[in-house]
Amino acid sequence: MSSPLAKPQIIAHIQKSLNYTVFDSKWIPRSARFVCLGNFARGTGVMQIYEVQHGEAVLVTEVEKPKPIKCGTFGATSLQQRHIATGDFDGNLNIWDLEMPDVSVYTVKAHKEIVNSIDGVGGLGIGDGAPEIVTGSRDGTVKVWDSRQKDSPVANMEPGEGETKRDCWTVAFGHAYNDQDRCVCAGYDNGDIKLFDLRNMSLRWETNIKNGVCCVEFDRRDIDMNKLVATSLEGKFHVFDMRTQHPTSGFASVSEKAHKSTIWQVKHLPQNRDIFMTAGGAGNLHLWKYEYPAQRSKADSDGTEEGVAGSVSLLQNATLSTQPIASLDWSPDKQGLCVCSGFDQAVRVLIVTKLNTV
Amino acid sequence: MMSTGAMFSGDQSSTGDSGKVPVEHLDYGYIAQCRDVKYLESIWRVLSSGDEGIYPHLIEFCESHLEKLDPRSRALRKHRPVATAASLSNEEWSQITDELKTWQEESKMTQTLLKQQSVFDDLENINMPPIRGSNCSIPLSQTSVPKEKRNSSKRTLPRDYGEWDKFDVEKECERIDGNLVKRDPAVAMNTGRPKIKTTVDAALLTEQEKLPLANREKNKGNEAFRANDYEEAVAYYSRSLSIKPTVAAYNNRAQAEIKLKHWHKAMSDCRRVLELEPGNMKALQRRATVYNHMGNFRMAAEDLRMVLREEPQNAAATQLLSETEKKMKECQPEQQRKGKKILIREVEEEDNCNNGETKAEQIAHPVEPSQAVGGEESSAAPAERGDMGNAQKKPHGRGDGGPHSESNSSHHGPWRGKGAAADKYKVAHDSREKVANGTSKRGSTASVPADQSSGGKEAPVGGNAEESVNLDAPCGALPPPVARLKNEGNLLFKNGQFADALEKYSLAIQGYTDSGIDSPEDLCTLYSNRAACYLKDGNSQECIQDCTRALELQSFSLKPLLRRAMAYDSLERYRKAYVDYKTVLQIDAGVQAAHDGVNRITRLLIDQDGAEWREKLPDIPLVPLSAQQHRREEPPSAEVLQARAERKAEVCFTALKQEGNDFVKKGQYQDALGKYSEGLKLKPEECAIYTNRALCYLKLERFAEAKQDCDAALRVEPTNKKAFYRRALANKGLKDYLACSSDLQEVLQQDPNVQEAEKELEEVTVLLRQSLANASPAKARKTVPITEVEGDEETASASDSGGGTKGEGTAINLQPANAYEFGQALNTARSVGDAAACADLLASTTPEALPQLLSTQLDGNTISFIMQALDSHLLERDPNLVYQHLNHLHTANRFSVVLMLLEKDERRHMTQLFEHLSAVQSPEFTKNDVQNLANKYI
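Protein chains in written order, with our numbering: chain S, 1 to 358; chain V, 1 to 938.
I should point out that these hints are in silico values taken from the structure, not numbers from a laboratory. Glycine residues also receive a C-beta, built at the ideal position from the N, C-alpha and C atoms. It is possible that part of the hints are untrue.
[Said to hold, decoys possible] Here are the simulated SDA-like pairs of lysine to any residue, each with C-alpha atoms no more than 20 Å apart in a straight line: (1) V/Lys-210 to S/Gln-81; (2) V/Lys-108 to S/Asp-189; (3) V/Lys-681 to V/Gly-733.
[To be verified] What the simulated footprint calls covered on chain S by chain V, stretch by stretch (three residues with Cβ under 8 Å from a Cβ of chain V suffice, anywhere in the stretch; the number is not a length): (4) 60-74; (5) 105-118.
[Unchecked claim] Label pairs and their computed distance ranges (CB to CB): (6) S/Val-60 to V/Glu-277: 49 to 59 Å; (7) V/Asn-90 to S/Asn-190: 46 to 56 Å; (8) S/Asn-190 to V/Val-247: 46 to 56 Å; (9) V/Met-294 to S/Asn-190: 53 to 63 Å; (10) S/Asn-190 to V/Asn-228: 44 to 54 Å; (11) V/Met-109 to S/Met-100: 18 to 28 Å; (12) V/Asn-90 to S/Lys-257: 32 to 42 Å; (13) S/Gln-323 to V/Asp-36: 33 to 43 Å; (14) S/Lys-257 to V/Thr-318: 44 to 54 Å; (15) S/Thr-61 to V/Glu-615: 50 to 60 Å.
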């Protein structure tokens, strides 16, 4: 950290206070707009669209929905349509056309309880294969949806009879580098991380990181699984090298304790998979870089291939507020632009500089 | 500092885990000396906790020291408030806001564009993959490990008797099979990395969408590159290029290919960049790297100089240039050889694409089956050593039979070019027989020992082994077993056994993948060949697949494209066929089949789609210029053809010479003789071959011919010791002792250390005296050769062919017994431009025999030379004979073809001759006859 000027800087560009609790914020692809999802104090849901104009976020649209909206994704929509898929407190999965946000294009009662997390793949030219949405819920199930199929999921990952249901906090797609292969990773409140292989419809790998898994994300969804970052309740995050799976010890990982509180979010830079940002419970953001080891795999004593984890280094950090930052989203189009929202009822647009020189 | 006991104990209790830090250590002196990062961190924690009091300066000092030791220490991570616009300089901030503004404007534009395009949504839905199989559920607890346990525990349980009744064998087998397959998916995952599709179907995308998508794929490539995963990087760059070809992606792919050492691919990528952007420095530098690795140092240096002209500060280029120049100097003497190697490889590649292309005829000299050598070899060996005694002093002298051949004792040594070329011909020859017994496998296994044994051992194995060896002809970089499979495939294909050939090719492809070599050209050829089999078998689907694979390996490769076009055509997928045909024509406008295909399909498509048929076509890929020129230049440019023929001749020549040397080593001089003669036909100016052949003649006691060869050698290289020495031996054999002694003296003058020569000289002097004493009439005759040796007359003696009579030197006793000897004589005469000798030769030949004697050797030069000889020498002497010759010459083989290829100058000679001839009054022929004859020529 010798020359501070060469380091990326996190700059607060726009800050907008809101009159509701915002849970999620997402950039609309190919635009300077973002969507905020949340709930009003009166117990209803809200969806707002803002446009970045001349250093300000201008409200474009606001719609009120009956149920608070927890999460949303653009991952499974085409570039032309850019429909947002959302999950709400009541367990519903809705897809909205943002041009006409009053009526949903697709609705399904996906879960019995709140949809904690949602992710999409196959849209926006990211990931080969069918556009699919995955939802994870407090009811312990993870379900994969195809908007062309009404009422029922195309894949359902649920605990067997008699097993205790764990609260699924986070889901993420990955490994979608061809028509057939696709994986879903889910993190649970007890620290379980499970990797489901949608091609073979099987559980490919599972591990436990001891504390509740707040967020998981693959570094890219549309490549042969490369890395997975999982963040945890007590402020640690783990980076797994997903290239080499050992039959018994699984994937190699490196962990880092960064924040003094829960890491709520991790998001990889869309333009560079080795840079990611974590958002913590104390209102701070940390920008990380993963460095690969010289050899990504080695043979263990039995001669089986085993992964070797690299290292992570902190590029920059910044404290935005005293309240947790619950959502974070990089702009898919403009490198370094990101939006984040916290429990202090504010949404912020940040600029991270010098990302292309790290 | 604070060192009271109370504080010390307080310290112990309050700082918990870092309690081991005694308070004395919280000191500038201690911290400055401390090298233990962990301990410094605990000191820092104690200090910053404030339990010991607050010392901002000490904390700072501790931090700065810590940073020196470990700049990445966690203790140094500080919570920073978020930066704002104010924390940046005005300039920086305005730059950022400007960028942001342009982006906002751009995204507004794309917004509106995207809205307009939403009409095409339906189109995209067509291409969408189907919905996943209905509601599948995956139990959360299911893992591979416990599952296996369950299986095994069930299997160990003994069955109930009742259960056996219900036992369904098939079901059980299936179950067990299933278990086996599922046993360990995790391990299977790691063994082979699944291939990434290298193309993206971007046909439906608009330009607007293509660019970001292409960029995204390129970014993925960059990331993979940074992670040292070059193959993946290449795949993603290829994807990016398939969406939208960009300079950057080509450039990056070139770099990745360089990392993978795929020189040829890297080269083609660099070339494409330079086509798109001629002065691209990166591409130039990368091309220089590739050239450097391919051994083409001159071109590398050229590229690097170009880079340095633009970027004089480029350190990497400077370094590479100096390296290259160093290598260039080192390799100066070797360059020749290196160049040859590359040439050989090129020829092989051409060979690999065999498809009924007639191979150069000059290759067509099958290896004669080895003869039993017996005692001859052993007796020859010492003699040979004696001969070569002087040669050993210069081991790198070009083509001195003996010492050279030692390094290549096996037939299939480094001379791969020869192997491929000569053997190929033989495959064709022996094919019928081989296929008839259908024991190609057995044959080839039998050949393995024969292969490895060198020299004389081959003889007992006999012709059969010889045949099967041919199938081992190396092909490109393919390992021998794969190469054999391929050759077998080629052979079967030629014989019309397409299904069998198919099998061979499939095995070869399998072998290729197993062997793990990297030679996309070869794999491409294999796929292409297999595609041809599929096509012949009418299996168009498979053909298309193979062609596509081949094209993935080598885009814009003509044959696979054409075959795919035909396959599409036969499947009535006319649009795709049309596109492929068109692409073929872009590569080579001379492909008739493609022209026909395009014409036919155009009509069909017009019938089918009406006037707007073109709009329904998929994009016709633009063939990069490199691929076009490469193909296009070939057919029309005679120079290229000639150059290629020369190259082939070169390869062939080296091979023949080598074989000749091998035969000499084995003492099979007759065979060696054949080889050398063939070699001389290709390259009449090669001194070493003359001397080598002279040696053979000497061994066979054909002294006159030996002498002739020595003369020829001396013409090429007037101071060749070996030639002198051998001519001396020949003269001795011819009992021309005077010439012999003068030759020996010449040898000794050049190199007084040649003991053999000295010994010979002594011997010869004795003999000379004897002969002088014995026969005085011989004396007059024998003085002649002395002048012959030094004088111009030498040329005349060169045309003295095969007579083998005594030293009648100047007298042109030309009685060529066969076409070979005639050709030999004619060639020698021509090579020195001695028309008189030719005239003499012709005078001694009967006109009726002329066409036969000329046989296959007739070419433009020969004709024109004969014409010249007839015109300038023979016409005055014997116009009648001239007429007769001309009257028969035009019946020779290939005459009409040769006539067409005559050059202007040569035609002029001919017209002259006929003019002169018609001017001659003769009882044997009339002017009319001449006119008629002239019509046949002109």
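Hints, one by one, checked against the model:
1. Under the criterion of a C-alpha separation no larger than 20 Å, the hint pairing V/Lys-210 with S/Gln-81 is consistent with the structure, at around 17 Å.
2. Taking the CA atoms of V/Lys-108 and S/Asp-189, the gap is near 41 Å; set against the 20 Å cutoff, the hint is violated.
3. For the proposed pair V/Lys-681 and V/Gly-733, the alpha carbon gap of about 27 Å is over 20 Å, so the pair is violated.
4. Counting residues of the segment 60-74 of chain S whose beta carbon lies closer than 8 Å to any beta carbon of chain V gives 0, which falls short of the minimum of three for the stated coverage.
5. Counting residues of the segment 105-118 of chain S whose CB falls under 8 Å from any CB of chain V gives 0; the rule of at least 3 is not met.
6. With their beta carbons about 42 Å apart, S/Val-60 and V/Glu-277 fall outside the hinted range of 49 to 59 Å.
7. Under the hint 46 to 56 Å, the C-beta atoms of V/Asn-90 and S/Asn-190, about 52 Å apart, fit the expected range.
8. The hint said 46 to 56 Å for the Cβ distance between S/Asn-190 and V/Val-247, and at roughly 52 Å that hint holds.
9. For the pair V/Met-294 and S/Asn-190, the beta carbons lie near 59 Å from each other, so the given range of 53 to 63 Å is met.
10. Between S/Asn-190 and V/Asn-228 the CB atoms are about 37 Å apart, so this pair departs from the stated range of 44 to 54 Å.
11. The hinted range of 18 to 28 Å is satisfied by V/Met-109 and S/Met-100, whose Cβ atoms lie roughly 22 Å apart.
12. For the hinted restraint 32 to 42 Å between V/Asn-90 and S/Lys-257, the CB-CB distance of approximately 38 Å keeps it satisfied.
13. Checked against the hint of 33 to 43 Å, the pair S/Gln-323 and V/Asp-36 passes, with Cβ atoms roughly 38 Å apart.
14. For S/Lys-257 paired with V/Thr-318, a C-beta distance near 47 Å keeps the hint of 44 to 54 Å intact.
15. For the pair S/Thr-61 and V/Glu-615, the beta carbons lie near 39 Å from each other, so the given range of 50 to 60 Å is not met.
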